[in-house]
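Sequence lines, in order, name chains A and B.
Taking the numbering used here, I'd label the letters of the first sequence as residues 1 to 561.
Taking the numbering used here, I'd label the letters of the second sequence as residues 1 to 162.
If you're looking for bench data, these hints aren't it; they were derived computationally from the structure.
Accuracy of the hints is not assured; some may be wrong.
As the list claims (entries may be wrong) - With a cut-off of at most 30 Å between alpha-carbon atoms, the simulated DSSO-like pairs for lysine-lysine come out as follows: (1) K75/B - K54/B; (2) K179/A - K375/A; (3) K179/A - K69/B; (4) K217/A - K435/A; (5) K54/B - K194/A; (6) K75/B - K286/A; (7) K141/A - K57/B.
As the list claims (entries may be wrong) - Sample of chain A residues with no beta-carbon within 12 Å of chain B, all distances over it, derived: (8) E11; (9) V81; (10) H126; (11) Q131; (12) G267; (13) N309; (14) I314; (15) V317; (16) V331; (17) D434; (18) E481; (19) Y495; (20) G552; (21) L560.
Glycine included, each C-beta is placed from N, C-alpha and C at the ideal position.
One letter stands for each residue in the lines below.
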Amino acid sequence: MKLNGSQILIEVLKEEKVSTIFGFPGGAVIGIYDELAKSEVEHVLVRHEQGAVHAADGYARASGRVGVCLVTSGPGATNTVTGIASAFMDSIPLVVISGQVPTNLIGNDAFQEVDIVGITRPCTKHNYLVQHINDLQRVLKEAFYLARSGRPGPVLVDIPKDVANDTFDFTPMEDINLKSYNPTYQPNMWQLQKVINLIEQAERPIIFAGGGVILSKASGELTEFARKTQIPVTTSLMGLGAFPGSDPLWLGMIGMHGTYRANMCTGHCDLMVSIGVRFDDRVTGKTDAFAAQAKIVHIDIDPTSIRKNIPVTIPIVGDCKITLERLSSLVKKSDPNHLKRRRQKWLDQIEEWKSTRPLAYKQENIIKPQYVVEKLYQLTKGQAIITTEVGQNQMWAAQYYHFDQPGHFITSGGLGCMGFGLPAAIGAQVACPDKLVVDVAGDGSIQMNIQEMATAVQSCLPVKVVILNNGYLGMVRQWQELFYEKRYACTSMDYAPDFVKLAEAYGAVGLRATQPEEVEPVLSEGLSVPKPVIMDFVVAKEENVYPMVPAGAPITEMLLV
Amino acid sequence: MPEEKHIFSMLVDNQPGVLSRVSGLFSGRNFNIESLVVAETIDPLVSRITIVTKANKPVVEQIEKQLNKLINVIKIRDLTGPESVKREMALICVRAKAEHRAEILRIVDIFRCKVVDVGRRHYIIEVTGDEGKISALLNLLKPMGIKKLARTGPLALLREPD
Ligand SMILES: Cc1ncc(C[n+]2csc(CCOP(=O)(O)OP(=O)(O)O)c2C)c(N)n1
Ligand SMILES: [Mg+2]
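Please put together the full structure from these sequences, using the hints given.
Here it is as structure tokens:
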């Protein structure tokens with residue numbers, strides 16, 4: 001079958017069962033768009049290419065599949081960089097297709113030419129410039145394979161315009177085989193047996209799980225393993241939802257804004273079984289003091305994650321799901337009550353930490369942002385998909401919404417990229433049309449990709465935006481308050497648009513609450529409208545996120561309310 | 001932690017951009033490169049990169065793992081130990097005044113290297129050997145005046161078992 005490059009792209013999308021892509025057209029991709037419009041592949045037209053990548057990212061996380069976007073050369077391509085970097089830091093499987101100037105113009109500073117392969121080399125799992133039509137099909141198949149296998153990540157494919165127009169005799173390809181790429185899925189059984197021995201000896205064990213558990217779809221296996229061994233569980237920000245937030249063994253999140261008990265456990269445990277994590281500095285605080293009394297087991301599919309930041313007792317390279325299954329099967333079928341009794345002292349200690357220092361805030365006669373998230377949790381019965389922007393809003397969403405399932409908390413963890421939440425919500429809504437999808441936003445961040453409201457309205461994606469409007473770049477202001485003697489340099493959002501009118505201008509619904517008693521009615525109404533909605537909650541201006549571990553301090557040394 | 005010198009030898013896809021993936025990894029992750037040699041192997045689809053780096057133990061471990069993670073790196077091996085042969089080549093342009101000419105040739109003879117270009121005021125000497133030999137030669141020639149120097153940095157190959 002003779003096909004041109006654009007048609008080959010569509011064929012591969014169909015083979016990969018891609019039903020929707022996110023993108024924005026331009027000169028270098030007109031031909032591809034022409035074929036796309038003829039095909040069954042749906043396209044969500046964003047308003048900025050950064051939005052396309054975040055949307056594909058949100059789609060990937062909510063669906064567990066590869067997210068795809070399509071952009072033009074030059075500025076279209078450079079606009080994707082932030083989105084790609086965010087997906088790279090969080091190991092999200094994406095295929096980003098960019099148009100490129102024709103091969104005979106490459107290197108000539110042609111109109112809308114940019115070396116996007118060079119620019120994205122350090123923030124993609126891999127990338128390609130397709131030089132010849134004969135390579136296109138193979139490269140696209142490899143891109144999907146690389147994006148989703150091993151430690152997932154974004155892969156960029158740059159397609160020059162003449163390659164997209166050129167023809168090729170297309171037949172479906174066999175499986176991809178890359179001689180230099182062979183992720184290790186199967187853990188070493190000897191190492192696993194050592195872990196079991198450590199667990200049997202441990203008096204104060206904890207499990208520390210991260211985004212890797214969600215990526216390998218191992219939440220069920222993690223839950224089974226923790227319950228079988230009666231080991232309490234904390235997760236990183238990226239791991240929220242990997243273990244049920246309503247389980248008695250749940251410790252809450254670890255790290256800079258982790259719960260008191262999770263961070264104290266880290267300081268006092270004698271065994272830490274860490275799974276699918278990379279020991280980010282926002283988790284460890286001062287590394288020398290991190291889990292200083294503990295033997296550390298580290299399970300991850302990426303060998304470079306192991307011993308990068310933290311020395312470990314037992315390194316295990318393997319897939320989280322397979323490894324947890326194996327571990328569970330090796331655990332002796334001891335009576336859970338017996339285990340519980342053995343762990344009782346430790347569990348009692350944790351209970352004491354929990355009851356003396358719970359997550360807390362002071363109710364006042366002004367809307368507290370934490371209260372808005374609590375109410376959101378209650379009204380949605382914990383079933384909504386929550387995306388976030390970045391800053392205090394993100395941390396309050398992480399602390400006060402409790403996640404029982406994976407794929408329900410979608411945040412830019414590693415890059416901490418403001419402007420992520422709204423487009424990510426759009427992508428998640430495409431993946432899960434029947435779910436309620438809510439972006440918990442800050443007044444600053446929401447303005448970084450607010451233009452995507454038009455995308456939501458045009459594509460009939462009824463995402464809800466909950467703005468915790470404190471009139472500040474709140475998280476930066478919090479640091480200024482605590483560490484720069486309240487010099488609020490350039491963090492006040494003195495001027496912001498009227499978000500209600502702005503929503504209306506976009507053809508969405510706008511609501512506002514200024515008093516605590518208005519929170520619930522506004523949420524109820526906003527969540528029930530079958531359209532995109534912005535809810536503007538005017539909250540306490542100088543509320544802080546606690547607990548807080550100052551950057552570089554030991555994780556057990558927290559500032560509390 | 002003390003820093004040690006390591007020689008990594010790797011087979012990589014012979015494609016445009018692969019070298020910049022490798023060198024970009026070093027600069028992006030703050031690893032150090034002392035020398036780097038690249039050329040095609042007997043298989044035109046594959047190149048060999050030999051890279052010398054200096055780092056402490058955990059960083060050396062990271063360097064090897066990170067290189068391995070690059071999709072275009074087919075195989076990597078740490079060839080620091082005695083089980084590999086190491087050679088470096090240098091071209092040395094040395095000032096050759098009349099009173100030094102005989103002395104230079106004697107040194108060339110002792111070091112078993114070659115004069116590959118002769119002029120009225122200079123010799124160009126080609127030398128191969130391990131790093132120690134080349135440094136020793138340079139030390140001896142220095143007093144005569146070294147005009148120009150080009151060194152390859154070491155290459156390494158694992159010895160075959162008998
Ligand atoms: C793109 C980008 N620029 C700057 C920052 C630094 N930053 C982190 S949090 C924050 C404040 C965000 O303000 P807002 O969205 O209002 O959230 P709040 O903390 O007030 O809830 C800033 C500026 C960032 N994370 N991302
Ligand atoms: Mg704010």
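Outcome of the hint check:
| no. | hint | in the structure |
| --- | --- | --- |
| 1 | K75/B - K54/B | holds, 20 Å |
| 2 | K179/A - K375/A | violated, 52 Å |
| 3 | K179/A - K69/B | holds, 12 Å |
| 4 | K217/A - K435/A | holds, 19 Å |
| 5 | K54/B - K194/A | violated, 34 Å |
| 6 | K75/B - K286/A | violated, 35 Å |
| 7 | K141/A - K57/B | violated, 38 Å |
| 8 | E11 | holds, 24 Å |
| 9 | V81 | holds, 15 Å |
| 10 | H126 | violated, 4 Å |
| 11 | Q131 | violated, 8 Å |
| 12 | G267 | holds, 23 Å |
| 13 | N309 | violated, 10 Å |
| 14 | I314 | holds, 16 Å |
| 15 | V317 | violated, 10 Å |
| 16 | V331 | holds, 30 Å |
| 17 | D434 | holds, 38 Å |
| 18 | E481 | holds, 33 Å |
| 19 | Y495 | holds, 38 Å |
| 20 | G552 | holds, 18 Å |
| 21 | L560 | holds, 34 Å |
Going down the numbered hints, you'll see the structure goes against 2, 5, 6, 7, 10, 11, 13 and 15, while the others check out.
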